[in-house]
Amino acid sequence: MEIYLDNSATTRPFAAVRDTMIQTLDEDFGNPSSLHRKGMEAEAYIRQAKARIAATLKVEEKEIFFTSGGTEANNLAILGGAAANYRAGRHLITTSIEHPSVLNPMRHLEEQGYSVTYLPVDRRGQISPEDLAGAMTPGTILVSVMMVNNEIGAREPVEEIGKLLKEKWPAVLFHVDAVQGYGKYRIRPRNAGIDLLSVSGHKIHGPKGAGFLYVKDKVKIKPILFGGDQQKGLRSGTENVPGIAGLGVAAEAIHKDLEGHNEQMYALRERFWQGLREIPEVYLNGSAGREGAPHVISAGFAGIRSEVLLHALEDKGIYVSSGSACSSHHAGASSTLEAIRLDPKLADCTLRFSLSMFTTEEETDAALQALKELVPFLRRFKRR
Amino acid sequence: MKFQSFLIKYSEIGIKGKNRYMFEDMLVSQIVRALKPVEGDFSVGKVSGRIYVNAQGDFDYEEAIEALRHVFGIVGICPLVQIPDEGFEDLSRKVVAYMDEMYPDKSITFKVMARRARKDYPMDSNELNAKLGEVILDAFPEIRVNVHNPEVYLNVEIREQINIYSRIIPGPGGMPVGTNGKGMLLLSGGIDSPVAGYMVSRRGVLLEAVYFHAPPYTSERAKQKVVDLAEKVAKFSGPIRLHVVNFTEIQLYIYETCPHDELTILMRRYMMRIAERLAKENGCQALITGESIGQVASQTMQSLAATNDVCTIPVFRPVIAFDKQDIVDIAQKIDTYDISIQPFEDCCTIFVARHPVTKPNLNVIRRSENKLVEKIDRLVGEAIQTTESIIVG
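Chains as they are written, first to last, in this note's numbering: chain A, 1 to 384; chain B, 1 to 393.
Chain A with its partners taken away, still in its complex shape (with noise of 0.2 angstroms):
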């Protein structure tokens, strides 16, 4: 048996997905720029791609710039709006608890001569929108908050910092991190005072290696990447089609009964949730409820090293991460888990399961068991 709960990593992709993609690989294999057929065949999966992801935003298709990933719209956003504005400043806000593809950019801005505010989180991982008013200065270009925090399922306050700032800071930037959001809430950047967002496709059952950047109408943004000018120039490179297509076809089949899914992740959250608290000494991090993300769950068991426990749930066919699947390659803490103030001792005893819509009540209430007798077998082997 195979039970996998690290979808905050990456995710099945649909069978859907994965027939698009085979259809753009053995036939409709053309390069979008061709003049020719085979090129206008390949180039109606773009267009057709576009026009999904746009409905679930309820944008227009030129607002949508595809990108490899999440980690690409991340850096886009960032560096290309902060070279779009450097004439009217140099001071960027984001958060302490961002993804590394988001806090890197940052930091290499910083080498640039740009300072960048990095705002608290409470215990729970949520900044508050006070402490981002407090932070804008006149020279403030961008603000860079995440929809979902990765690695505990944090939800951010966006839609109220992005009314805050279109009412007092109209000029500056506002870019939202939703790769762990998209596909979990209907997200309406037009109402939510959104000018750019970052979507992954893994993360919504569909390929890896594709991605948008959602870039508001009249936005400007510099490239970071140059070449044939492909994508009105912002985005050089021929489109990946079969990433693309997959991707169009992932977002729209998620959108589908979204809120039906949800309600399905909550309960079982809710039920993985209290189950986890029959067992003695473990400790929730992030939201219960309706104020957290509902596929996100980040549990430490004290006195178990993390990678001991996850190799252990490993032996029975149980995939989970420590931490964040991304920051466990790094030694040390995490910077979110730091950042929520959470023992240290604690962080290194920290799993994340992460669900999806497939995941089923009969995977999680075995995986409970499967920690029920681990947890205090492990135990017995605690560092003293």
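None of these hints come from the bench; they were simulated from the model. Don't take every hint at face value.
As the list claims (entries may be wrong) - Pairs of lysine-lysine residues, derived as DSS-like cross-links and limited to a Cα-Cα distance of at most 25 angstroms, are as follows:
1. A:LYS58 <-> A:LYS232
2. A:LYS220 <-> A:LYS58
3. B:LYS223 <-> A:LYS316
4. A:LYS382 <-> B:LYS223
5. A:LYS382 <-> B:LYS359
6. B:LYS182 <-> A:LYS382
7. A:LYS382 <-> B:LYS371
Said to hold, decoys possible - Partial list, computed: chain B residues near chain A (C-beta under 7 angstroms):
8. PRO216
9. TYR217
10. SER219
11. TYR337
12. GLU345
We treat Cβ as the ideally placed atom computed from N, Cα and C, and that holds for glycine.
Starting from the known structure of chain A, fit chain B onto it as the hints suggest.
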């Protein structure tokens, strides 16, 4: 300049008396092995006490040099121009052409080092030095002779053929692998043990290796990391048989039965015992570890003595007196460092005490081991039984 031949220089083999041919033959076979994956058709031969590598037709020069730089026993690799003896006029022309092509910038100092190995050649070495020096000076007015400290030593050897070379690419030194028995390396995922294996192998020792893992608690990645490290060492040492021992049951049993501050020492004693048994089963005459005095709690003088206590065959610890940075320098040179620093837990880090004993008392340790008498022999036997052997490299 395109070279088709290399003269291989070796040093220590030269002093091995009657065994000399055996060392040379081993070096030749190691060179053949190293060149096997390189694009090209090579022949390696021993001619009157020297080893030559000849390439037929096109070959990948850079890759060939790189391969030769991994063969222990080689101190220098000389890209060689070989010409037939067609008289001094012809030799002069070719020497001038060689200098012209090798040193486009002529503001250098040089010295001719002629050697007349074929005694029927009409000029002796001194005459050759003088005449060839003159010819070169005539051809290139900017060039200077410096007999004491020249930038370029131009070697001209008169044999059946004439060899011309001036560049010596340093080899790794040491002795050809296979000339000095076989050792069992305790390979962890760390920085030190691959370096230790490299150093001992450099003395001509064949390697096998043993790795202790603790599935399911240590990841497949940790094991892959050790395989990757063995592969890097094997570039020098030749293929390594890697024995992967499942240590979980032993580790958990010790954990539950013995005082926690002694865990590391007890674990290491059982690792040494198992390594020794595998060594004997596989014809190894010694164990090799990457221990270094005082580096961690299990490597204090007392801890080393406590670990060594269970071994009956010699344990070689080539980095015993090295500072960490010295070990890191070698790890970088042999390209294992970047692999070693990947952060995967291994069996020595997952279940260990926060405050291990640093001055273990051997009597106390032995008494703790007595508590294990019920199951430990069976568990050790099972661990050896279930050992997986992989050939790496």
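Verification of the supplied hints:
1. A:LYS58 <-> A:LYS232: Holds: LYS58 of chain A and LYS232 of chain A sit about 21 angstroms apart, inside 25 angstroms.
2. A:LYS220 <-> A:LYS58: The hint holds at about 20 angstroms.
3. B:LYS223 <-> A:LYS316: 19 angstroms, holds
4. A:LYS382 <-> B:LYS223: 23 angstroms, holds
5. A:LYS382 <-> B:LYS359: Cα-Cα ~23 angstroms, so holds.
6. B:LYS182 <-> A:LYS382: 39 angstroms, violated
7. A:LYS382 <-> B:LYS371: 20 angstroms, holds
8. PRO216: 3 angstroms, holds
9. TYR217: 5 angstroms, holds
10. SER219: 6 angstroms, holds
11. TYR337: 15 angstroms, violated
12. GLU345: 5 angstroms, holds
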